[in-house]
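Undergrad: Chain by chain, the residues run as shown.
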Amino acid sequence: MKALDIFSYSISSIKLRKLRAGLTTLGVVIGIAAIVALLSLSQGFQGSIAAQVQKGFATNTVIVSTIDLGSNQGGSPQATGSDLKLFVNDTQTIDQIGNVTMSVAVIQKSVYLKVGNKTLAVSIVGVDFDKYAEIYSSTFVAESGSIPSSPQNETVVIGKRVNDPWENGTLFSNVNDQAEIIWSTRSGFALKNESYTGVVAAVLKEVGGFSFGGTADSTVYVPLLQAQSFFGSDECNAIIVQLESDSEATIESFTEAIKEAFGDQVSVISSTAVLDTVSSLFSTIEIFLTGIAGISLLVAGIGIMNIMIVSLMERTREIGILKALGMKGRTVLLIFLGEAMIIGLMGAAIGIASGWGLANVFSMVGFSGMGLNLRGTGLTITPSLTPTVFFGAFAFGLLVSVVFALYPAWRASKLKPVEALRYE
Amino acid sequence: MISVTAPVVETINLRKIYMLGKVPVEALRGVNLKVEKGDFLAILGPSGSGKSTLLNMIGALDKPTDGKMFIEGVDIFTLNDNQLANLRRRIGFVFQFFNLISRFTARENVELSMSIAGMSKVERRKRTEDLLETVGLKDRMRHKPTELSGGEQQRVAIARALANNPSFLLMDEPTGNIDSKTAAEIFGLIKRLNEEKGVTIIMVTHDQRLVSETKRTVHMLDGLFVEENVN
Chain D
1 MKALDIFSYS ISSIKLRKLR AGLTTLGVVI GIAAIVALLS LSQGFQGSIA
51 AQVQKGFATN TVIVSTIDLG SNQGGSPQAT GSDLKLFVND TQTIDQIGNV
101 TMSVAVIQKS VYLKVGNKTL AVSIVGVDFD KYAEIYSSTF VAESGSIPSS
151 PQNETVVIGK RVNDPWENGT LFSNVNDQAE IIWSTRSGFA LKNESYTGVV
201 AAVLKEVGGF SFGGTADSTV YVPLLQAQSF FGSDECNAII VQLESDSEAT
251 IESFTEAIKE AFGDQVSVIS STAVLDTVSS LFSTIEIFLT GIAGISLLVA
301 GIGIMNIMIV SLMERTREIG ILKALGMKGR TVLLIFLGEA MIIGLMGAAI
351 GIASGWGLAN VFSMVGFSGM GLNLRGTGLT ITPSLTPTVF FGAFAFGLLV
401 SVVFALYPAW RASKLKPVEA LRYE
Chain W
1001 MISVTAPVVE TINLRKIYML GKVPVEALRG VNLKVEKGDF LAILGPSGSG
1051 KSTLLNMIGA LDKPTDGKMF IEGVDIFTLN DNQLANLRRR IGFVFQFFNL
1101 ISRFTARENV ELSMSIAGMS KVERRKRTED LLETVGLKDR MRHKPTELSG
1151 GEQQRVAIAR ALANNPSFLL MDEPTGNIDS KTAAEIFGLI KRLNEEKGVT
1201 IIMVTHDQRL VSETKRTVHM LDGLFVEENV N
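Protein chains in written order, with the working numbering: chain D, 1 to 424; chain W, 1001 to 1231.
Since the hints were made in silico from the structure, they are not lab data.
Cut-off 25 Å, straight-line C-alpha distance, at most; resulting in silico cross-link-like pairs (DMTMM-like, lysine to aspartate or glutamate):
1. D:18 - W:1108
2. W:1034 - W:1228
3. W:1068 - W:1227
4. W:1063 - D:424
5. D:416 - W:1026
6. D:414 - W:1075
7. D:416 - W:1062
8. D:2 - W:1129
9. W:1121 - D:318
10. W:1063 - D:419
11. W:1197 - W:1130
12. D:2 - W:1130
13. D:416 - W:1010
14. W:1063 - W:1026
15. W:1197 - W:1010
16. D:416 - W:1072
17. W:1068 - D:419
18. D:192 - D:180
Anything over 10 Å on all C-beta distances counts as not near chain W; from chain D, calculated:
19. 21
20. 26
21. 114
22. 145
23. 169
24. 260
25. 265
26. 303
27. 345
28. 349
29. 357
30. 411
Using N, Cα and C, we set each Cβ at its ideal position, and we do this for glycine too.
Could you build the full structure based on these sequences and the hints that come with them?
TA: Laid out in structure tokens, this is it:
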């Protein structure tokens, strides 16, 4: 029998039981749609995080700190448990390491910022403006005003979210405003508020997203020397280091040199390591999500098998007739597999389309509905349907349908013509 | 009719034993039959005499337990499942209960056996129309079996049986489920096929009235041929 004739026979059998075939297909659609929606959302999410990491963290810069990101274990950030502190003048040590073009100490604290009678919780970062602007030349850029050359007294530079925290044009502070920075120190049991007043010299343009050491929107920048003097400490949180290249070998040899100088007490975080951590985290999540979605496809497969067995019972006599007319067992097998394949193909096609649609709907409305507010982080998720997901889902849907139809199809092909014809 | 080629069907001491639960039943106990090309044979006998079992053997739907059987000179014991399927394409079956596929129209039912044999669409379209004309159903070919009378359904079945130019037609009580007036018409058609087109026919029947119309009659009882008449 010709392939096209086998195919059209399969179609005629499916047409005979439209509702039943439709419901069976729906099972496949749900499974495939779940897989496609979850994977394209998760890949889109991963993609936007990767883009943000690269934006806020040039690939040839690394961060030296006492915080261990656990980049190799894929764990969460945690302190190394050491008492070692980094100091501002450690940059001199670091600058002597080969391949280093520049290093910047960063002092960071959580403070309140008071402008007029309004107060905002912000992060304050003390850095050398010139060097910082050189490293983050694309993000540490003024939108209005101008970033002063350091050291200049009592000037601050504010991020876009300090300028316009509610994103509605109601400004919190602007260029030339007097900004009072308030923080607490502890002497004995009493908390004492300290404050420092500066003039806003510049508002940075919007960066968006997360920041790993780079320019951030909700931050107030002050010159390093002033931060040192008003916090009364030379201790710094991290040292940002710009290397000559972003090659793995450069980063590795730098890491080695740091370990030699500071022992195992500090860690070196590179954007590649952060990206690795993020992507390994996401692949774990993806495996988990695919597994869950895969279960629904498995259920769909069992549904196909169930329907095929019922169909086999109903059509035993028909199979007997076909065999009496000279149809080979192999052809009967192909007719049954053909039916499953058509169901699988339709299910996969509709499933991919609706999964893609679902992912887009979710990315637009879903996250606020789920209580996950990404506003303000500037992070938008654009679902991404990679060819791997597309063809993978197609193949998976088809494979499940055909595999579960194998047994009923095999039984149909093995029916004895006399017995099948006698079947009522 | 004298033929120099091998008989269409030849059985030598054919035996069939099948299990009814745990009891072995000897349905055929040594049947010797020879059917030449152009023959018109009627097999008569009461229920349980082994007629249908013999028909299933000749139709290659079931394998004999013992003895020899040749179809067009080929020993069927040497054939595997695929070869048996190919052999069945050379045999035209007509069943008592028509056995048409209900979701297909008359035309599609006839075409089906040709498509199983791998004939091209254009070719089988044309042949289907010719065949349905032969059985007098050309104007009803777009109807499904449920829209056809018993007699019409059996005509479709006969057209289907003739589709692949079979070496012989095998009929299992072809008029057993049709009223007597229509049965006479169907029988007339069968007879015409034999006389005018030289189609070899082996027919199992209960109907004593048909016996004198065939060329040859055998009577079966308890798995054996007990009497043979040549008209």
